[in-house]
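Novice: Same order as they appear, the protein sequences are chains A and B.
When we follow numbering that gives the first Met the number 0, the leftmost residue of the first sequence carries the number 0, and every step to the right adds one.
When we follow numbering that gives the first Met the number 0, the leftmost residue of the second sequence carries the number 0, and every step to the right adds one.
By construction, these hints were calculated from the structure, which means they are not laboratory data.
All of these numbers come straight from a predicted model, not from anything done at the bench.
Treat the hints with care, as some may be off.
[Said to hold, decoys possible] Ranges of calculated distance between the beta carbons of each label pair, as one might list FRET restraints:
(1) B/Phe100 - A/Leu137: 19 to 29 Å
(2) B/Gly77 - A/Glu159: 31 to 41 Å
(3) B/Asp401 - A/Ala41: 52 to 62 Å
(4) B/Glu202 - A/Glu159: 31 to 41 Å
(5) B/Lys80 - A/Val156: 30 to 40 Å
[Claimed, not checked] Partial chain B-side listing against chain A, Cβ under 10 Å, derived:
(6) Thr65
(7) Phe100
(8) Lys224
No residue lacks a Cβ here, since even glycine has one placed at the ideal position from N, Cα and C.
Residues per chain, in single letters:
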Amino acid sequence: MAVEQIKVESAPKSHRRAWYYLNQRQLTAYLMVIPAILIISAVVFFPIGQTFWFSLHDIDRRIAGRAEPFIGLQNYFDAFTKEGPQKQLFDSLIFTTAFAVISVGLEFLFGLGVALILNREFKGRGIVRAIVLIPWSLTTVVVARMWGLIYNSEYGVLNEILKGIGLIKQDQLWIASKDLTFWAVTVADVWKSTPFVALILLAGLQTIPHDFYEAARVDGATPFQSFISITLPALRPTILVALLFRTIDATRIFDLVYVLTEGGFGTESLNFYTYQELFRKQNFGFGSSLAIITFFYIMIFAVLYLRVLGNREEQKV
Amino acid sequence: MQESNDKRPAISRRRMVSLLGAGAISTAVLAACGDPTAAPATTAAPATTASAATTAAPATTAASATGKAVLATTKGSGTPKKLVDAFNAKAGPVTIDFQEFPNDSQAMHDKFVTVFGAKDSTYDVIAADIPWAPEFASAGYLLPIDQYASADFRKNFFEGSLLATSYKDKLYGIPWYQNVGLLFYRKDILDKAGMQPPKTFDEMIDAAGKLQTADQYGYIFAGFKNEGLSAMWLEILWGFGGEFWDASTGKVLVNSPEAEASLQWLQTAIYDKKISPEKLITFKGPDLQTTFAQGNAVFARGFASAVGDFEKDTSKVKGKWGAVPVLAVAGKKPAGTLGNWNLSVSATSKNPAAAWKVIEYLTSLDTQKAFSLGEGVLPSVKGAFSDADLKAANPALAILPDAFATAKPRPVTPAYPQISTEVIQEGVTKVLSKQISPKDAVKQMQTKTEEILAKFK
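Starting from the given sequences, assemble the full structure and let the hints guide the process.
Specialist: This is the structure in structure tokens:
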């Protein structure tokens, strides 16, 4: 108690001094971070703030001179409760979530496999590593166009192959079917992004000291046991970083559906829905509220992962 | 791992950095919708309402037209650039600053929404896709050009084409190059069978049914759920004598027996008579053109711009095809959907008189001819259609004046983009995949369109 009281009494003085008396070092330090802070504010916080401000108004730019009244949270109520928008929002939330979970899950499994293979010593490993990266280095729009050709119902190679090996008899309508289009989009994304996961996991694998495995072998552990007890735990932070990056990226899905399906057949993602409202309908008020909803939606994933990541590491300590 | 045990703060600092990073990434999402350059600017567009720029048209006369006009277009830097250079070389009082954008019309649309939404005055003349005219006019992005476009000048263009750029009795654009839906057919196959191209929907069912083979479809169209589908279906609706709405009163007319019959015909063609494959629902414009160019269809409903694909050296139908206006029931005039690109003056232009000079130049007969020959596009001025060089270059040119004379624009309302995506494409796709009956489809279209239009009364 006594100590605290002394602190409280002496606090105002030093506090007030700290406000405007900066020593040379502190001053320099502040000056050096100010540009960065300003830039981040201008490109990150200002747009978020402005978008949020827009979302509290009824703005339809298709009609010049239309009043743009402040309507509080009405846009958000509409998004979640009004019949049409509600269905569209929930459908896009379901699609985006299902897509993110399934595509990232598959990318992780394949990526881990690829990383484990590439981590072994074999002839021509450098070349194989470079080749594996190609899908990831392509622009998403190019990937979407390419898969569009593969899925093409008339000339697409996928139908030809499947017919050739006798899996299907009729041409399948990959980009215009309630059941298949989701998987068409997912497979294209998995193809493109698996190398990214593999690359990050490979970097993680290479930091695991060989001694661990040697020690395990001396103790008589099977390769599977050392994978479970050494590789996976040592790789955990890397795995979480890879999953975090990919999940956030997957929830942002836009260009793939924009080019491949134009949002049709149950592939309207949250971002595509937002884009439609903002640009095709110039519905800036409601569109902004969707953008903010998207923002919080993705934040949930980010925070979830960081919680898991942080807790696990702290538990170990 | 060992290291982090000793340095606990290092972990939390790393966590903090990654949290910040996560925040930044999620923020990027807000900017990630669409064109990366366009999106953030729109979000940051000033919240002021559109000013009365449209009504305050400067009363400049043609005599004072001097200075630089900025022309924004997605149309290639080939011929247009050359024509602009030729114009600038004349060293007249007006010069053109030619600004070309990637050939992606949706991206161009989004860019204009961004730029004009922010009251930016960068562009004087813009090349705009046909549905943008009412949308941008209503938003106050465009300048009415009635005072510049004399009655004589307007006579150079097709009535329907000017109707497409008229909003609330004011003119907002002049067609630069045109496009219209046509029915393409295999001349060689029809000649061999001694048949004439079909004119009505019933004749099409007969002819396509008779001529189709195992590896040649009878009748194909672009059935994928996008803007092309709306343009295609509207033609069939008009061909059956139906109307989507009454433009003068704003009354929605889609819940009609004609509209129902138009949708029913599509279902019949696919599922009963099987002259069209079910997979048309995956066909985008290019797929349709490739299929016909590869010789895999007898009849194809496409846009006139497809001619370039059919006349390529790699095309298997080169010289073997013909084109006629689209189908219509007996006694009705066929009406193709217009796919024009128009030249408009922006409401923010500081030099509208100079901008108009640019439009005059680009729509003059000689410029139109050179443009049409160089780029393979269809001219907008009537006079160009009788030109011998153009006729030689495009075998379909002879029938085009007829097609353009009866062609119609898609509903001229700022709500059209929304109606197209949420009502027409939605309804027609459901009918094409047999998820809904034509009767219910037109009923739903009627209600939804009325809801959307209520805002624009």
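Novice: Hint by hint, note whether the structure agrees.
Specialist: We went through each hint and held it up to the structure:
Range check, B/Phe100 to A/Leu137: Cβ separation about 23 Å, and the 19 to 29 Å hint holds. Between B/Gly77 and A/Glu159, the C-beta spacing of about 36 Å keeps the proposed range 31 to 41 Å intact. Checked against the given bound of 52 to 62 Å, the beta carbons of B/Asp401 and A/Ala41, roughly 57 Å apart, stay inside it. One distance hint, 31 to 41 Å for the beta-carbon pair B/Glu202 and A/Glu159, holds here, with the actual separation near 35 Å.
At roughly 38 Å, the beta carbons of B/Lys80 and A/Val156 sit within the given window of 30 to 40 Å. Below 10 Å, beta-carbon pairs count as interface contacts, and B/Thr65 has none with chain A, the closest being about 29 Å; its hint is therefore violated. Restraint check, B/Phe100 versus chain A: the minimum CB separation of about 15 Å is more than 10 Å; hint violated. Checking B/Lys224 against chain A: minimum C-beta separation of about 4 Å stays under 10 Å; hint holds.
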